[in-house]
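Novice: The chain contents come next:
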Amino acid sequence: MAQINLIEGITMALAHEMARDPAVVVLGEDVGVNGGVFRATVGLQQKFGAERVIDTPLDEAMIAGLAVGLAVQGMKPVAEAQFEGFMYPMIDQIASHAARMRTRTRGRLTCPAVFRAPWGGGIHAPEHHSEAIEALFTNIAGLRVVIASSPGRAYGLLLASIRDPDPVIFFEPKRIYRQYKEEVADDGEALPLDVCFVLRDGSDVTLVTWGAQVKETLEAADALAAEGIHAEVIDVATLKPLDFDTIHESVKKTHRCVIVHEAPYTGGFGGEIAARLVEHALYDLHAPVERVAGYDVPMPLYKLEMNYLPSVARIVAAAKRTLQAS
Amino acid sequence: MARQGPPNAAGYYGRNTCNNQYCAAPCIGDAKTAIKHVRIAHHGSSVSIAASFEIEYLQYLDESGKLLNEDAPAFARDVRALVDAYKLMCFTRVFDGKAIALQRTGKLGTYASCLGMEATHVAIGSALAEDDVFAPFYRDYGAQFQRGVKPREVLLYWGGDERGNDFAEPAHDFAWSVPIATQCLHAAGSALAFKIRKEPRVALATVGDGGTSKGDFYAAINAGGAFTLPLVVVIVNNQYAISIPRAQQTAAKTLAQKGIAAGIESIQVDGNDLIAMRVALDHAIKRARHGHGATLIEAVTYRLSDHTTADDARRYRSEDEVKAAWEKEPVKRLRAYLQGMNAWTDDEEKEWLAECGKRVDEEIDAYLAVKPQPVSAMFDYTYAELPLDLERQRADALTAAKG
Ligand SMILES: Cc1ncc(C[n+]2csc(CCOP(=O)(O)OP(=O)(O)O)c2C)c(N)n1
Ligand SMILES: [Mg+2]
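Those protein sequence lines, which keep their order, are chains A and B. If you read the first sequence in our numbering, its first letter stands for residue 1, the second for the next number, and so on. If you read the second sequence in our numbering, its first letter stands for residue 1, the second for the next number, and so on.
Because the hints were derived from the structure by calculation, they are not lab data. Glycine included, C-beta positions come from ideal geometry on N, C-alpha and C. Treat the hints with caution; some may be incorrect.
Claimed, not checked - Distance condition first, Cα-Cα at most 30 Å in a straight line; then the derived DSSO-like pairs of lysine-lysine: (1) LYS215(A) to LYS98(B); (2) LYS107(B) to LYS181(A); (3) LYS98(B) to LYS303(A); (4) LYS402(B) to LYS303(A); (5) LYS198(B) to LYS215(A); (6) LYS402(B) to LYS320(A); (7) LYS198(B) to LYS107(B); (8) LYS286(B) to LYS303(A).
Claimed, not checked - Pairwise CB distance ranges (calculated): (9) ILE196(B) to GLN46(A): 50 to 56 Å; (10) ASP186(A) to ALA401(B): 41 to 47 Å; (11) LYS402(B) to LYS47(A): 48 to 54 Å; (12) GLY403(B) to LYS252(A): 33 to 39 Å; (13) ALA223(A) to ILE196(B): 56 to 62 Å; (14) ASP84(B) to LYS181(A): 54 to 60 Å.
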């Protein structure tokens with residue numbers, strides 16, 4: 001078994017699936033000869049040729065539209081946006097066509113495309129290279145929205161996303177691309193979509209998060225444990241469709257919930273989870289639900305980005321507030 | 001199967017009996033010959049040429065800095081203007097080298113170099129009038145310096161601080177535009193504003209060769225043609241869009257010809273020849289200012305650096321290619337021309353380069369001495385006035401920052 005980091009999990013999944021399924025093609029800017037600006041597709045063009053690892057002209061609307069055409073005609077495109085901040089022109093094709101192809105044609109045509117992008121802040125990148133834009137997609141019916149948060153989940157969830165018969169937005173938290181390595185077998189075993197992963201058991205408070213914020217949330221759980229507070233940590237992983245049951249089960253046990261995400265607070269996906277808790281778990285809760293999120297401001301350039309991103313201290317403080325409230 | 005197509009130039013409705021749906025004759029052709037059918041009178045039908053075009057290529061100085069022919073434009077004799085431009089090209093290059101060094105020592109974020117493109121950039125800066133509007137992308141420093149942007153502002157921006165975009169001058173120019181080609185439409189919109197208000201001003205956008213693949217670029221030049229806008233779009237064709245070579249970006253022979261489809265004047269220019277660039281720009285800007293509409297200029301140059309400091313160009317292009325490109329670089333070329341006219345001496349060169357180093361160092365010191373923004377700055381420019389909802393978040397952030 002190989003010791004790999006998150007981005008190597010992406011590369012390994014792409015290589016595995018391209019070898020297994022000749023319908024899989026990768027397309028995007030600089031994904032071929034250059035191997036991707038983050039090296040996610042490194043070596044793939046040498047292995048699978050320029051017809052399956054396609055360096056495209058520079059136009060995200062084109063990339064997304066080509067992916068729709070490819071997918072509808074039986075290919076399995078994995079389209080890359082170089083950064084999530086360049087996905088905006090893709091949204092027309094994704095929302096107008098990818099997401100509704102099956103519904104529009106009552107299943108005659110489908111769009112099993114994957115749109116992957118490095119996601120989120122914290123790497124000292126220039127403007128538009130650091131946004132958390134998942135909520136733009138969770139409000140589009142017909143999409144799956146997946147965010148990987150570990151090397152193993154990157155591998156297993158990307159395999160599942162490519163094999164999924166419907167369009168998937170696949171986000172990769174670039175801040176933890178190379179954070180640590182773990183053993184991941186290249187066995188082609190996909191992980192299930194549409195389920196949350198419980199990363200840590202606890203009885204006092206449920207911390208719900210996804211993407212790079214899993215790092216801070218686990219650190220917060222450690223800090224809380226040092227004070228005798230046992231936090232359960234849930235990585236939502238597939239935001240849409242949401243596995244609310246796992247979150248609800250946890251809250252039945254802990255009676256408290258803190259939702260952590262780096263996307264802006266208003267309209268962030270944390271609001272959806274909080275609303276479901278109010279609808280379905282109000283009498284299980286002993287304290288108001290807390291949200292620790294990015295602020296409702298444009299993602300700042302990098303000098304201030306760490307002030308924008310949720311910190312361990314903010315998560316710990318929110319968790320403690322839920323305990324003090326009851 | 002017979003199919004009705006739209007009428008051809010002669011108004012004839014063809015049947016689809018050959019691959020050319022406009023061809024009236026019962027012939028069989030493959031795709032290649034079908035294209036030919038449009039070009040030649042065919043089977044006695046009245047096929048004619050619907051449109052044809054040429055793209056001019058403009059160059060005055062050869063690689064060694066000699067005039068290609070004797071009847072050079074007046075600008076080629078304007079020693080003062082040429083020396084000024086040359087000095088700014090040198091300054092830009094010195095700045096560029098020092099900015100890269102700053103990034104390497106961790107004092108600057110990712111930085112996009114302009115090495116090799118100085119003539120194009122400085123020509124733009126010097127051709128525009130103060131009142132015109134410039135919509136740059138992210139490596140047009142030479143143009144911006146000419147227009148009054150300070151080197152310390154460039155550094156501040158790449159140093160992750162929004163205040164770098166708050167130019168004291170030129171107050172109405174756009175900030176750097178990272179989303180490729182989007183700025184082209186801002187220039188078109190600015191030009192539309194000038195037209196509506198009958199102001200004799202011009203908007204100029206730059207865009208990369210890669211950027212010409214994007215819808216925003218096409219839409220901008222199309223708007224320029226459709227509305228007869230006082231717009232100039234300069235394609236800085238530096239042969240690469242990160243790793244993608246120009247030839248892979250489009251099958252079109254030139255990028256300039258994209259302007260033909262937009263119905264605007266279009267020209268290809270040696271972007272390493274400051275004189276050619278200025279002549280082309282002066283012409284385009286004058287036309288725009290006098291209500292004759294938009295122009296597309298393709299400046300053919302070369303990115304001698306990595307794409308940015310986060311890139312390693314050795315992965316996708318050969319050392320030989322880069323070496324050959326250095327032979328055509330713009331600074332050396334203009335220096336040779338000036339020296340040929342006895343307008344610039346080795347001593348002046350030495351002195352000026354030392355002076356550039358000194359001035360850039362001062363700018364770097366000023367950049368490094370800038371006090372960090374307070375955390376509140378993240379909130380204070382979101383709206384004209386801070387809404388109550390955001391005021392609460394701002395207070396939370398300030399508390400969090402205190403720890
Ligand atoms: C919409 C968008 N997609 C992708 C990127 C990432 N990116 C930054 S520069 C670049 C290449 C641009 O090439 P070109 O237009 O030729 O300009 P150059 O950098 O060569 O001057 C890419 C793909 C971006 N900034 N914006
Ligand atoms: Mg380029």
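Novice: Please go over all the hints and tell whether each is borne out by the structure.
Specialist: Status of each hint after checking the structure:
Distance hint between LYS215(A) and LYS98(B) is unfulfilled; the C-alpha atoms sit about 36 Å from each other, more than 30 Å. Restraint check for LYS107(B) and LYS181(A): the C-alpha separation of about 29 Å stays at or below 30 Å, so the hint holds. Among the hinted pairs, LYS98(B) with LYS303(A) is consistent with the structure: their alpha-carbon atoms are about 21 Å apart, no more than 30 Å. Distance check on the hinted pair: LYS402(B) and LYS303(A) sit about 16 Å apart at the alpha-carbon level, within 30 Å; holds.
Between LYS198(B) and LYS215(A) the alpha-carbon distance is near 57 Å, which puts this suggested pair outside the 30 Å criterion. Restraint check for LYS402(B) and LYS320(A): the C-alpha separation of about 18 Å stays at or below 30 Å, so the hint holds. The suggested pairing of LYS198(B) with LYS107(B) is violated, with an alpha-carbon distance near 46 Å, which exceeds 30 Å. Among the hinted pairs, LYS286(B) with LYS303(A) is inconsistent with the structure: their alpha-carbon atoms are about 42 Å apart, more than 30 Å.
Judged by the Cβ atoms, the range 50 to 56 Å given for ILE196(B) and GLN46(A) holds: they are separated by roughly 54 Å. A hinted range of 41 to 47 Å holds for the C-beta pair ASP186(A) and ALA401(B), which are about 44 Å apart. A hinted range of 48 to 54 Å holds for the C-beta pair LYS402(B) and LYS47(A), which are about 52 Å apart. Taking 33 to 39 Å as the suggested C-beta distance range, the pair GLY403(B) and LYS252(A) conforms, at roughly 34 Å.
A hinted range of 56 to 62 Å for the beta carbons of ALA223(A) and ILE196(B) is consistent with their spacing of about 59 Å. One distance hint, 54 to 60 Å for the beta-carbon pair ASP84(B) and LYS181(A), holds here, with the actual separation near 56 Å.
Consistency note: the structure conflicts with the earlier hints numbered 1, 5, 7, 8.
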